[in-house]
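Asker: Residue numbers (the working numbering), protein chains in the order written: chain A, 1 to 108; chain B, 1001 to 1112.
Rather than coming from a laboratory, the hints here were simulated on the basis of the structure. Careful, some of the hints might be misleading.
Straight line, CA to CA, 16 Å or less: simulated EDC-like cross-link-like pairs of lysine to aspartate or glutamate [said to hold, decoys possible]: (1) Lys-1069/B <-> Glu-1030/B; (2) Lys-68/A <-> Asp-30/A; (3) Lys-95/A <-> Glu-1100/B; (4) Lys-3/A <-> Asp-1059/B; (5) Lys-56/A <-> Asp-66/A; (6) Lys-95/A <-> Asp-1056/B; (7) Lys-3/A <-> Glu-44/A; (8) Lys-1018/B <-> Asp-1056/B; (9) Lys-1065/B <-> Asp-1038/B; (10) Lys-41/A <-> Asp-1059/B; (11) Lys-1017/B <-> Asp-1038/B; (12) Lys-1017/B <-> Glu-1030/B; (13) Lys-1071/B <-> Asp-1059/B; (14) Lys-95/A <-> Asp-30/A; (15) Lys-1057/B <-> Glu-1/A; (16) Lys-95/A <-> Glu-1030/B; (17) Lys-56/A <-> Glu-1100/B; (18) Lys-95/A <-> Glu-15/A; (19) Lys-1069/B <-> Asp-1059/B; (20) Lys-95/A <-> Asp-1059/B; (21) Lys-41/A <-> Asp-82/A.
Computed from a prediction, not measured in an experiment: that's the story for all the values here.
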Amino acid sequence: ELKVEQNPLFLSMQEGKNYTIYCNYSTTSDRLYWYRQDPGKSLESLFVLLSNGAVKQEGRLMASLDTKARLSTLHITAAVHDLSATYFCCLGAQKLVFGQGTRLTINP
Amino acid sequence: EAQVTQNPRYLITVTGKKLTVTCSQNMNHEYMSWYRQDPGLGLRQIYYSMNVEVTDKGDVPEGYKVSRKEKRNFPLILESPSPNQTSLYFCASRFTVYNEQFFGPGTRLTVL
């Protein structure tokens, strides 16, 4: 059974700092997804990571995948307030499993 | 505009009163799925559908039914709702199992 664990679950940081969210999973999977959810809103897709060593970047966010370690990271560079949201990783094919989410708060 | 729509957006009901939450997508996606979101638990998959007339259970299917008679629609049915089904529900769709999902706006359900 696929298990997905994110950490930390809560993260409060200052603008301008760097930080990383970790997503560990228990069994091999074809691909890994990262989603963002703003408070009171729906989810939107950020990244799809397809293979070992995949790295994708969009603005201040960079996601990577290490299938051997069963680990994905979402790195935030020089955080800004607009990045405050809850971030989810998700794996699977037909059946999908989400991590618990990381609530990120960026303070001015 | 490409989108996933859900109705209703908010619903308060009582235990045992059958209800249906509709989900529709206009992107010709094959795959559709229902999730519930509860604090501290992330999103948990209830049911998914690979195509018309093809549905399967996710991780938390108990107390729910679905149908997929048309490609664009994937309603979620609660035959006899109970208070533990109070939650925020999301419908999502994607072209195939190899693509990212597009999510609907969510339905907040309260069962008294």
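Asker: Against each hint, give a clear statement of whether it holds in the structure.
Answerer: Verification of the hints:
1. Lys-1069/B <-> Glu-1030/B: 12 Å, holds
2. Lys-68/A <-> Asp-30/A: Judged against 16 Å, a Cα distance of about 12 Å means the pair holds.
3. Lys-95/A <-> Glu-1100/B: Holds - the C-alpha atoms of Glu-1100/B and Lys-95/A are around 13 Å apart, at most 16 Å.
4. Lys-3/A <-> Asp-1059/B: Roughly 11 Å between the alpha carbons, so the hint for Lys-3/A and Asp-1059/B holds.
5. Lys-56/A <-> Asp-66/A: The given pair, whose Cα atoms are some 13 Å apart, holds under the 16 Å limit.
6. Lys-95/A <-> Asp-1056/B: 9 Å, holds
7. Lys-3/A <-> Glu-44/A: 22 Å, violated
8. Lys-1018/B <-> Asp-1056/B: Not satisfied, since the Cα-Cα distance of roughly 21 Å exceeds 16 Å.
9. Lys-1065/B <-> Asp-1038/B: The given pair, whose Cα atoms are some 19 Å apart, is violated under the 16 Å limit.
10. Lys-41/A <-> Asp-1059/B: Violated, at about 23 Å.
11. Lys-1017/B <-> Asp-1038/B: 22 Å, violated
12. Lys-1017/B <-> Glu-1030/B: Distance ~31 Å between Lys-1017/B and Glu-1030/B Cα, so the pair is violated.
13. Lys-1071/B <-> Asp-1059/B: 23 Å, violated
14. Lys-95/A <-> Asp-30/A: The hint holds at about 12 Å.
15. Lys-1057/B <-> Glu-1/A: 14 Å, holds
16. Lys-95/A <-> Glu-1030/B: With a Cα-Cα distance of about 14 Å, the restraint between Lys-95/A and Glu-1030/B holds, given a limit of 16 Å.
17. Lys-56/A <-> Glu-1100/B: 14 Å, holds
18. Lys-95/A <-> Glu-15/A: 37 Å, violated
19. Lys-1069/B <-> Asp-1059/B: 22 Å, violated
20. Lys-95/A <-> Asp-1059/B: Holds. Lys-95/A to Asp-1059/B sits at ~8 Å (cutoff 16 Å).
21. Lys-41/A <-> Asp-82/A: 14 Å, holds
Hint compliance for this structure: hints 7, 8, 9, 10, 11, 12, 13, 18, 19 are not met, and every other hint is.
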